[in-house]
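**Q** Sequence:
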Amino acid sequence: MTKRNDNHKQPDRLDLTATMDIDITADSGDGKAPLPRFNMIAYTGGPMRVAGWRYPVVMDLAGLAIPSQSRPIRFGHDANSGVGHSDSIAVLDGRLVAAGVISRDTAAAREVVVSAKNGFPWQASIGASVEQFEFVKENQSVLVNGREVSGPVNVVRKATLGEISFVDLGADGNTSASVAACGEHSRTASAQENNMLETGTTSENTSTADSAVAGKGAAPAAPPIHAAADAGINADTMADLRDKAAAELDRIAAVQKVCGDKHTGIAAQAIREIWDVNKTELAVLRAERPSAPGVIVPDNTMNGSMLEAACMLTGGVRGDDVAAAYGEQAADTADKRFKGGITLQELLLEAAWANGYDGRNFRDSRNVLRFAFGHVENIQAQGLSTIDIGGILSNVANKFLLEGFFSVERTWRNICAVRNVSDFKTVTSYRLIGADEYQPIAPGGELKHGSLGSESYSNKADTFGLMLSIDRRDIINDDL
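Per our numbering, the very first residue in the sequence shown carries number 577; after that it's consecutive.
These aren't lab readings, by the way, just hints derived from the structure by calculation.
Idealized CB from N, CA, C, for every residue including glycine.
A couple of the hints might just be wrong.
Derived CB-CB ranges, DEER-like [claimed, not checked]:
no., residue 1, residue 2, range
1, THR682, THR840, 49 to 57 Å
2, ASP999, GLY917, 27 to 35 Å
3, VAL984, ASP1012, 31 to 39 Å
4, SER1034, GLY917, 24 to 32 Å
5, GLY895, GLU1031, 44 to 52 Å
Pairs of lysine-lysine residues, derived as BS3-like cross-links and limited to a Cα-Cα distance of at most 27 Å, are as follows [stated by the list, open to error]:
no., residue 1, residue 2
6, LYS855, LYS734
7, LYS734, LYS838
8, LYS975, LYS1036
9, LYS734, LYS833
10, LYS1036, LYS1001
11, LYS713, LYS734
12, LYS820, LYS833
13, LYS855, LYS838
14, LYS855, LYS820
15, LYS975, LYS915
16, LYS734, LYS820
17, LYS855, LYS833
18, LYS912, LYS975
Just need the whole structure built from these sequences, with the hints factored in.
**A** Right, here's the structure in full:
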C-alpha cells in the first residue's frame, strides 16, 4: 500500500507530449496564394507519463467530446500565438486524427511553415479538459481504445477537446512523455489516487474545466491533458487516413439524419459504438414502436377464506363482521364474485375447481363431490392448491352457532362468575349467606346479633356437541 503524501502539490494544467505525426502540404485555391495544410495523428491511444499524475494516463477516445470540427491551432498553447484551424477531427482505429489549414497571419504561423520546410521535426500537443477519470489498480486490467491496459494506470473516461498546438519539445526515444507544468494553484488527482490505494478500492472523481489556455491566465478547475508526438508519416498513409476520416464523417452524418432531434440518445450510442445506418434505423424503429396498452388481469383465484366469507354473507352476517373475521380482501372478493349469495352447488364447484376439477357445471355431481372433498389421488402430485370443503362447512357452522349463542339474552353474566375446572367430576361451590343487614338501634343502645351461614351448589363440566349434515336432497335442491 502506498503512503499518501499530503504535502505534495499538483499542477492545475498539464502539457503532455506523446507520439504524433505531422505533414505540412500546400493547398492551392482558386488563384489565391496557397495555404499550407497539416495532417496529424494527434494521439495513438496508449498510456503516457504526465506530471502531477503518479501513474500513467490513458485517454479513452470513446469519451472524448469534440465540440466542432473547427478547433483553434496554436503555437505552444499560447492564445496570442495563433497558427490556424482544423477542419477535420476524428477517432480512427483507436487514434485521434486531425487535419486543417495554417490560416493565421502571425509570426508563429510563419515560423511553423518555414521551420517545417527546413525539416524541423515539429510535434503537436492536444489540450483537453478532464471531466471524469478512474484509477485502475495494480494486477487489474481494462480495455481502452481497443487495447488492454494493465494497472496501475489512470483512465480519463470523459474529456472535451479544446485546442491543438505546435510544440518543439516532444517524446524521447522510448515514446515516453515529456511534461511541462505551469500554474500556481493545484487541484488534480494524485492525492485522490493515493487515497484509492490506501483504501484498496477503485473510485471515480469528476471535475470540470475550461479549454486549455496558455501563459499566465487563470488556472482551470481540472487538469487539461496535452499530448504531443514527433513527425514521420508518409503521403500514402495520410491519404488513407483522410479517406477514413471522410468515411467516418459520412457515417456520423447519416446516423444523425436517421435519428433527427427525437433520438439523440440513440445517435450518441450509434456514434460511440460505430453502428452502421441499418442498425441505427432498426434501433429508431424499435424506439418509435407503440407500446402495448397495460392490461389488468383480475385475479379470480379462490381460497378457503373467500368461500367461508361468501357463506357468511349468504347467511346474513354483516359485511363489517365478515371483514373483521376474514380480512377486507376476502370479504370484498366474495361480495363481488357472488352477488346475492353463494349457493351450495356453487360452493362445491368452487372447491372442486380449486382441487383440479375441469368440468364447468354440476351435471357430473359424483366427480364434483370427489374433487370438492379431495378424494383424488393426483391432486398433491400435480401441485394444485387444495381446499377442504369439509373444513369450510364446519367453520361456517361453528361461527353461526357462536353467533346464535351470543345473540340470546346474557343477563346471567352479570350475576354469575365463570371459572375453570380440572376434570369432569362434580364440583361443589359454596356461597356465604346470613342475616347481615343493619338493624335500628334501640333507645338503650342495644345492638342486635346477626347470623352467618353458607349455601352449596353442585356443578359438573360436560361436553356438548351437534352434528349437522348435508344430504343428497340438499345438494340436488341447491339449498345452503
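**Q** State for each hint whether it applies.
**A** These are the hints, each one checked on the structure:
Between THR682 and THR840 the beta carbons are some 38 Å apart, a value that contradicts the proposed interval 49 to 57 Å. For ASP999 and GLY917, the Cβ-Cβ distance of about 44 Å falls outside the hinted range of 27 to 35 Å, so the restraint is violated. Take VAL984 and ASP1012: their Cβ atoms lie about 34 Å apart, and the range 31 to 39 Å holds. SER1034 and GLY917 have their C-beta atoms about 47 Å apart, which leaves the hinted 24 to 32 Å range violated.
The hint said 44 to 52 Å for the Cβ distance between GLY895 and GLU1031, and at roughly 48 Å that hint holds. For the given pair, LYS855 sits about 25 Å from LYS734 by alpha-carbon distance, which is consistent with the 27 Å threshold. At roughly 24 Å between alpha-carbon atoms, LYS734 and LYS838 fall within 27 Å of each other, so this suggested pair holds. About 26 Å separates the Cα atoms of LYS975 and LYS1036, which keeps this hinted pair within 27 Å; it holds.
Taken as a hint, the LYS734 and LYS833 pair is honoured in the structure, with Cα atoms around 25 Å apart against an allowance of 27 Å. With a CA separation close to 6 Å, the supplied pair LYS1036 and LYS1001 stays within the 27 Å bound. Distance check on the hinted pair: LYS713 and LYS734 sit about 19 Å apart at the alpha-carbon level, within 27 Å; holds. Only pairs whose Cα atoms come within 27 Å are accepted, and LYS820 paired with LYS833 is accepted, the gap being roughly 20 Å.
A distance of roughly 17 Å separates the Cα atoms of LYS855 and LYS838; the hinted pair therefore holds under the 27 Å criterion. Distance hint between LYS855 and LYS820 is fulfilled; the C-alpha atoms sit about 20 Å from each other, no more than 27 Å. This hinted pair checks out: LYS975 and LYS915 have alpha carbons roughly 21 Å apart, not beyond 27 Å. Restraint check for LYS734 and LYS820: satisfied, since their Cα atoms lie roughly 24 Å apart, inside the 27 Å limit.
Restraint check: the Cα-Cα separation between LYS855 and LYS833 comes to about 14 Å, which is no more than 27 Å; the hinted pair holds. A C-alpha spacing of about 22 Å is found between LYS912 and LYS975, which places the hinted pair at or below 27 Å, so the restraint holds.
Comparing the model with each numbered hint stated earlier shows that hints 1, 2, 4 do not hold.
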